[in-house]
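Enquirer: Whole structure, please, built from the sequences with the hints as guidance.
Which chain is which? The protein sequence lines are A and B, in order.
Numbering-wise, the first sequence is residues 1 to 113 according to this note's numbering.
Numbering-wise, the second sequence is residues 1 to 111 according to this note's numbering.
If you're looking for bench data, these hints aren't it; they were derived computationally from the structure.
Covered stretches of chain B (in silico footprint by chain A; criterion: 3 or more residues with CB under 8 Å from a CB of chain A, positions within the stretch not fixed): (1) 41–54; (2) 87–100.
Cβ-Cβ distance ranges computed for the label pairs, FRET-style: (3) Q54(A) / V50(B): 23 to 33 Å; (4) H12(B) / Q54(A): 38 to 48 Å; (5) R60(B) / T55(A): 33 to 43 Å; (6) G28(A) / I47(B): 16 to 26 Å; (7) P8(A) / P8(B): 32 to 42 Å; (8) N17(A) / T28(B): 40 to 50 Å; (9) K18(A) / A78(B): 46 to 56 Å; (10) S65(A) / R60(B): 41 to 51 Å; (11) P8(A) / V55(B): 33 to 43 Å; (12) P8(A) / P39(B): 19 to 29 Å.
Even for Gly, the Cβ is constructed at its ideal location relative to N, Cα and C.
Residues per chain are reported as follows:
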Amino acid sequence: ETGVTQTPRHLVMGMTNKKSLKCEQHLGHNAMYWYKQSAKKPLELMFVYNFKEQTENNSVPSRFSPECPNSSHLFLHLHTLQPEDSALYLCASSQDWISYGYTFGSGTRLTVV
Amino acid sequence: GQQVMQIPQYQHVQEGEDFTTYCNSSTTLSNIQWYKQRPGGHPVFLIQLVKSGEVKKQKRLTFQFGEAKKNSSLHITATQTTDVGTYFCAGVPDSSYKLIFGSGTRLLVRP
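Expert: Now the structure itself:
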């Protein structure tokens, strides 16, 4: 285990469903991130939270809604997704938003049908 | 926008051969990092370079940061089958705090 735990590992959802991805880190880090990894594309930064505050929304469609109730937990709420949203969603954390060496979770493999 | 380009996209080598992947940024970087992602796995942080011209080594891996702080390379000496995976560079532009990932180089090693 990396110290960053993501659940579920796999998720299949219909376009009308609502689901949530969960990320929990046990490293005492203060910054958490959501990344999207699609085939043939670089890792795309979606959201950044630093000390529970959202500091970055990288032009992500509103059908993705993040939530960070505390520095250890991060959620990504999904609703009315499209098939092109199928990807590996990775959560990462770092000590803070200007220190690097991210620790990634194992990811959630999302398939939208 | 700011981009980090990485080449080659794929590299297939015989075990024991050397391997190099190159990373180039359109802007000056305050630092550059390297990650490895095994097949079916997640990116794992390898190293961070901060200084112009910096060279760091980890066993058979040698990392370099260019003098202009716009390019970097990762060289693996005498590859092993355990080196299989995708190697990503990721840079932080001087004007930003965002970590921008390259597209990765996928390394395959023939035993």
